[in-house]
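Asker: Could you slot chain W onto chain Y? The hints should help.
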Amino acid sequence: MNPLPALVLLPLMGGVLAWVAGRMRAPINPSTSWWVVLATLSVETLILGMVTFAHRAHAGPWLEHFSMPWIPAMGIAVRLDMDGLSLSLIWLSLILCFLCVFLATRQVTAHAGAFHFLFLATLAGIIGTFLATDLFVFFFFWELMLVPMFVLIAAWGHEDRQRAAMKFFMFTQGSGLLMLLSILGLVMAHDRLTGVLTFDIFTLAQTPLSPALSMLLMLGFFTAFAVKLPVVPVHVWLPDAHTQAPTAASVLLAGILLKTGGYGMIRFNVMLFPDAASRFAPIAMGLGVAGILYGAWLSCAQDDVKRLIAYSSISHMGFVLLGIFSGSAMGMQGAIMQMLAHGLGTAALFVIAGAIQDRLHTRDMNRIGGLWAAMPRLSGMGLFFAVASLGMPGLGNFTGEFLVLLATWHVSPATATLAAIGLVPAAIYALRMVNRIFLAAPRAGLPSLEDFPVRHMAVLGCIMTFLIVLGLYPQPFRTFSVPSPLSVTASQEDHTP
Amino acid sequence: MATFLIPILILCPLAASLITFVSAGRMDARGIGMVACAGVGISAVISIILSVMLLSGPVTGVLQVTLWPWMHMPGFSADIAFMLDRVSMLMILVVTVVGLLIHIYAASYMYHDPGIARFFACMTLFVAAMLVLVLASDLLCLFIGWEGVGLCSYLLIGFWYDDPANTVAARKAFYMTRMGDVALLCGLLLLVTATGGSLRIGTVLAAVANGQLAPSGINMAALFILVAALAKSAQIPFQTWLPDAMAGPTPTSALIHAATMVTAGVYLIARLHDLFAMAVPVMALTAVLGALTLLMGACTALVQSDLKRILAWSTISQLGYMFLALGCGVWQAALFHLMTHAFFKALLFLTAGAIIMRAHHEQDIFRLGGLRHTMPGLTAAFVAGASSLAGLPLVTAGFYSKEMILSGVWSAHFNLTHGWTLSGPPLWGMALLGAFLTALYIFRCVFIVFCGKAGTGAAGRTSRLMSIPLGCLCILSLCGGVIEMPDTLLPLHLFSGLLDPTAVLSHTHQPAWLVMAGAGAPLAGLGVAWVLWGRSSPVMREIPGQAPVICPVRTGRGMDALYHYAFVQPFCLLAWLTRLDILNHAVTGTGLLIQTASARIFRARADFLGRLAIQATRMIRWAGHLLGLLHNGRVRWYAAWIAGGLCAGLAMAVLS
Chain Y
1 MNPLPALVLL
11 PLMGGVLAWV
21 AGRMRAPINP
31 STSWWVVLAT
41 LSVETLILGM
51 VTFAHRAHAG
61 PWLEHFSMPW
71 IPAMGIAVRL
81 DMDGLSLSLI
91 WLSLILCFLC
101 VFLATRQVTA
111 HAGAFHFLFL
121 ATLAGIIGTF
131 LATDLFVFFF
141 FWELMLVPMF
151 VLIAAWGHED
161 RQRAAMKFFM
171 FTQGSGLLML
181 LSILGLVMAH
191 DRLTGVLTFD
201 IFTLAQTPLS
211 PALSMLLMLG
221 FFTAFAVKLP
231 VVPVHVWLPD
241 AHTQAPTAAS
251 VLLAGILLKT
261 GGYGMIRFNV
271 MLFPDAASRF
281 APIAMGLGVA
291 GILYGAWLSC
301 AQDDVKRLIA
311 YSSISHMGFV
321 LLGIFSGSAM
331 GMQGAIMQML
341 AHGLGTAALF
351 VIAGAIQDRL
361 HTRDMNRIGG
371 LWAAMPRLSG
381 MGLFFAVASL
391 GMPGLGNFTG
401 EFLVLLATWH
411 VSPATATLAA
421 IGLVPAAIYA
431 LRMVNRIFLA
441 APRAGLPSLE
451 DFPVRHMAVL
461 GCIMTFLIVL
471 GLYPQPFRTF
481 SVPSPLSVTA
491 SQEDHTP
Chain W
1 MATFLIPILI
11 LCPLAASLIT
21 FVSAGRMDAR
31 GIGMVACAGV
41 GISAVISIIL
51 SVMLLSGPVT
61 GVLQVTLWPW
71 MHMPGFSADI
81 AFMLDRVSML
91 MILVVTVVGL
101 LIHIYAASYM
111 YHDPGIARFF
121 ACMTLFVAAM
131 LVLVLASDLL
141 CLFIGWEGVG
151 LCSYLLIGFW
161 YDDPANTVAA
171 RKAFYMTRMG
181 DVALLCGLLL
191 LVTATGGSLR
201 IGTVLAAVAN
211 GQLAPSGINM
221 AALFILVAAL
231 AKSAQIPFQT
241 WLPDAMAGPT
251 PTSALIHAAT
261 MVTAGVYLIA
271 RLHDLFAMAV
281 PVMALTAVLG
291 ALTLLMGACT
301 ALVQSDLKRI
311 LAWSTISQLG
321 YMFLALGCGV
331 WQAALFHLMT
341 HAFFKALLFL
351 TAGAIIMRAH
361 HEQDIFRLGG
371 LRHTMPGLTA
381 AFVAGASSLA
391 GLPLVTAGFY
401 SKEMILSGVW
411 SAHFNLTHGW
421 TLSGPPLWGM
431 ALLGAFLTAL
441 YIFRCVFIVF
451 CGKAGTGAAG
461 RTSRLMSIPL
471 GCLCILSLCG
481 GVIEMPDTLL
491 PLHLFSGLLD
501 PTAVLSHTHQ
511 PAWLVMAGAG
521 APLAGLGVAW
531 VLWGRSSPVM
541 REIPGQAPVI
551 CPVRTGRGMD
561 ALYHYAFVQP
571 FCLLAWLTRL
581 DILNHAVTGT
591 GLLIQTASAR
601 IFRARADFLG
611 RLAIQATRMI
621 RWAGHLLGLL
631 HNGRVRWYAA
641 WIAGGLCAGL
651 AMAVLS
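Top line first, the protein sequences correspond to chains Y and W. Here the first sequence stands for residues 1 to 497, numbered as in the working numbering. Here the second sequence stands for residues 1 to 656, numbered as in the working numbering.
Just to be clear, a hint being listed does not mean it is correct.
To give a feel for the contact side, a few chain Y residues facing chain W, derived at Cβ under 7 Å [said to hold, decoys possible]:
| # | residue |
| --- | --- |
| 1 | W35 |
| 2 | A301 |
| 3 | P393 |
| 4 | V411 |
| 5 | A414 |
| 6 | V454 |
Simulated coverage check for chain Y against chain W, where a stretch passes if three residues somewhere in it have a Cβ under 8 Å from a Cβ of chain W [claimed, not checked]:
| # | segment |
| --- | --- |
| 7 | 88-101 |
| 8 | 321-335 |
| 9 | 395-409 |
| 10 | 433-442 |
| 11 | 472-483 |
No lab work stands behind these hints, which were simulated from the structure alone. Glycine included, each C-beta is placed from N, C-alpha and C at the ideal position.
Just chain W, with the same shape it has in the complex:
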């Protein structure tokens, strides 16, 4: 099969990135947009061709291509190698197709920005890095993409660097994910040591299956990788960077911080699900953290007033669903939700971007209002995305993927050590509550923004280039889910059959009321939201925001403040205190001390010698004077001296 297409798939966006970067200031905005869309578009076409080829082949067919050896030495080998199996096929389709739609949208959205070349260079570079991440067959090669997407995310969050707040948000995102990257690096080191020198995903999983790793080693490796995934996907305790990341341009938020990059953690765990299946405590931890995150994200989204921040917290919450599914072992459901989430969240972000652009950059939902009269098209698109996010039964994609997760969670069971067990139903309950809250917060947003009396006036109209992607995403987020259905409705399992044809999940033992409950929760949320915010005289225009509990949550600054005072401030303080290098001071101080001491000694010595010399000269002069007295030139005196001396000499000779 044509494996040469895989490198070309990655090279196209990369080339587009280089061209746009080099041509900054020489090409006009239209040209740059076209180059970027062409780069991503070609790779979208290639990925569709590759998918068709892969699906027409045998069910376990995998396309492998090894480009060149990266590091080969005794005890370790890594290659720049790519692999296309069905999981990566799904991912490249999501990345390139959703990416293409977002690029088309952005070509119009960013048309008047002076930095459009830098924007598209980073966006296409991001697509290339993301493709490396999902196609790599070597974990070290995956790490290139893993860090590469982080870098692009940093560059794009801080895209409008004139405002220091944006660059602070960008750095925060990079630092927090970097901690995860270090954990991933440690996990890789552990795995490569255990497998005897290879990080090929196949080799690693085979080594795990053969029992080459001790159980503690598996647990440690899984824990390291989990930390990396949590940081990348903004789960508890790393969730604080994602809301701030909304400082970037809206297409960036749609592509990187909703559809693709933040799902890299989900992809990584799904890719290594055999490893995680052996590490039961880590799986339980994943599930619990996912459940907590989804509830926390939904609750926080409920009290936000910034349109983009609502969507950001909703992303965190939906990623929590995916982690819950991964933790319960239903990784197919996680990937399914990943796909539908990419559709509807991209749609929501792009629509929000179009709304904000037309409403004079107003992001506060309480100042927007009544937009359904002025922007009917955007209203329809947003409502489609919102109902898919809420998972309104039957008609939306989100319903099917969420249903798959819920049914998987219900039957999960963890045998922890020492008789401790954790079973699915409590987690299922949390997930169901989350589904209710999801519908509540997103329809709160819908009713406040689109119903009621008009707020900020709207201007202009959405360009056709922006409406086409919105339309496509609408269709995808409404109908993209019918390929997989709960058994209660229709035994249709195209998606899980696609991913893993050998083991189709069985849902047969599930009671029917589970599906009913899963369908009822979003409807209940919709109803409550209608009562509270949607009726012609709403019960509440605004949650009493002045309540002290709400305030820290509203701004999302509670955890931020905690981290700020617990980690950032001490670090800054210590760094500031030691900025002059204590060791340098010590050495310089010693030097000064020695200098002073030697100067003292020198002076003392000089004084001593000087005084000695002066005394000596004085004495010599005195002695000379005395001796001079003897030579007075009188013969009598000389004779007397001679006689005296003779007497003395004789006396000594006689007496001795």
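With the rest of the complex left out, here is chain Y:
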């Protein structure tokens, strides 16, 4: 049996099961749905492990392939392909989901079943997005992950959740429509030129397009991904959404949802429209540098912990944009490393911020303070991940940032210097957070606080290990997560046997 549809459907089915379990009258155990989610994720991990290790000998760049006609009249097929990039991003998603499940979602007591269903539905949408190679199916999954996330923010979020959720939805939905237009435009152009109506990107990648049209179509895709990444002028939804979302949703948003933007840029901008992307590169790199500096700058001025982390995400994602459009394999790999490292580090920071909010009921750094004496474990972890976020060499973020800067230096030393200057405010916001929250004089009137138990430390310790390995021995990840070119189709390999 092909594992790819199972990867997508399993979270969905598990989610329904969790919902049912949560709605059962007088449940045996109040956290039944939590256990269902854990079981689902474990099975999912098992399948993914099989995919990863069963195909070591496979020579082709595409590891797995699945295709099934859906609407033959319009050339739409459920086509899923997996290469190293999608595999590593799915691994990232699963690791972060485990992080959420162990550290954040068990605390949700109000409508836990529905919460877990939406959580897994978002995961299904994300995995589908990483796998789909049919543009229609891709768009379907792209929209699928928004709706549950919208409900998660709007229903379980913090004080100003409605507005934040609406902002998130408007931005992503609006830009998604532009992408839909681009998809339709590309399909129509291909149909007019060749007479074949198809949504398959391997075929569409061969379409000869005029420079103006390809630029226009690429911009449609770019806008959608830029909102998701986010790129500076359209980042506005992110701080609100991240701040107001419940912890688990913040982790999903920062850890994985932003990565769909980067993934989309790699696969659907640079690979689908290489010429247009290289012409657009100077502007995109400028936007990347602007994002690095602007995000870091604003992060320095925030008093809300989650907002501070959110703005630092914008800064880190600037490096991703810079790397993707630097036009070299090195920059691309740097961007991928940066996405993985940022996913792990920022997710851990959000979990820690969420834990602080659970205990102190505030996110205002003027009212939190001096947690080291009361919660040394949590504070130690916070210190580690803050230091990782400022780009300490030997940890994951530095690897990504260095490769991106190096690739950028080849193109334009001035741009690289500007981007490197962004590392100074990075130190400012990270250490400001450390010295406000963790290493500060204890505030009078703190309630007695419960430190992280050992099992939480074990989970965070795993994330820590991943970051250190990414920082000191990135070689296997780097070769593993190379995106496959679209000129090589997976189906050719599969049809031969």
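Answerer: What follows is chain W alone, placed relative to chain Y:
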């Protein structure tokens, strides 16, 4: 040869750091101290073994070990790789031996502090990072250590985080060095682009020697690296962070902010001296900045009243000597001074720490006084350190290293562009003035603290665990310099022969009076200090501190205030102004505008349609009423209507 010892050398302190960090709250203070000392001690033993092995090998022997590939891809490769040559051998000896002595001291000094586990975790982590820095054979690998020591420095300056002033000082130190780190990163990017994808120190230097870099590229790279070194070593214009860094525990000040970390910049330039030798303008800049810094540091130290701050400014000043030497191309002299400075400055800091601890945490030298009666041992140790710092001739280590720098500076010559030249003698004059000032300020401190009438009463006694390192450092700072002597005295060049056996510096053409001048300046300083502060009725108890010129210098806040108003305040203000994200406001504002507009339009439309509908109904009702009048049920009227209509129809048909 046993290259496997190099990774173990680094792993020992790292393991000690992890153990102490994890065992926080579970192990008692004695256990933690022992683990930390054991970690550093083992690596001290290993580094001695390695040095013996290296020295018994061929003169150009280098121990190389590549642990694993870090990043390998087309166009770039970096490895986690270490290299032990004679320069790094010197550095690991300084780091581990001085580090071990300081750890032993700290085990007693910090015994009663509740955060001792965190303290030793950071200290041992620092030693590990510093070893990575000095052993790395790949510049990117060196960068791990470079940032790692900065992080440990941050954590240790802000060790007593209860006082916000300490954490502010810690952040200041990190931010200022971080600017240098960014410059170093840019320099590395430039070098890797020019050399075609490798940052191995050997490859980089070979590329420079082969002329793969354009002269402008060499100058830029050297300038970037110089900025990094200036920031790390607290030279002009980055000097303001080091005095504030004294907020940390005294062993930290001794290890990080005197003996090792702040000398990382000196090490880096000495390591890349072939690159700098090709960049003459940058060399001249290094020398000038070093000379200015040494004078400024000495002058500022002269008016300080805080014991630790005097030592901090003195560190800045001594680092200035090293940069002067580096700028003049005598990097061996810089490393020699680095070594002796590590000995005597560690001694001075540790003694100061012991004094402050016994004098009820009193750091103001004017409130201390007459301590030679109550603490004779500490007095002897401090005087030994002070005379080595001042460079009293023949009997101290500082004399020999300073003499080596002075003679190197005298013969320096820079050919800048367009016929501009800079020659050594003016710089030599500044360095000589610096030597005089050094003796003046440190003996001012000695006479005020140890002579005169008793100030704050002393309590307790220095524990044996603290006295042993002090004794060792005393011996090192008095006798550690005899391995290299000026030719005028004795042609003994063990040190420069050790570093670079192929090219021993020649001092033969130096006139003898140079050495005499170098020996005379500290003595003159000592004499003046005795006259001003040391006699039984001192000429001045205190420099008239109320003079407006002295005040800003005294507190060292002059440059601070300048930076504060020029950079920090505008940054904070701008950040505060933009904290709500202008773009967010713009977008939200647009949204609100559209919302309002559409609401208006909606209302207008609703009004219009409503009115229209009302009018329409009214008209229809009226029309209905009219039509209703026709249907009144009277046959006469119907007949009349029919007749009228017929007439009208006929008329229209006929007329048209």
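Asker: Check the structure against each numbered hint from earlier and tell me which ones fail, lowest number first.
Answerer: Hints 1, 4, 5, 6, 7 not satisfied by this model.
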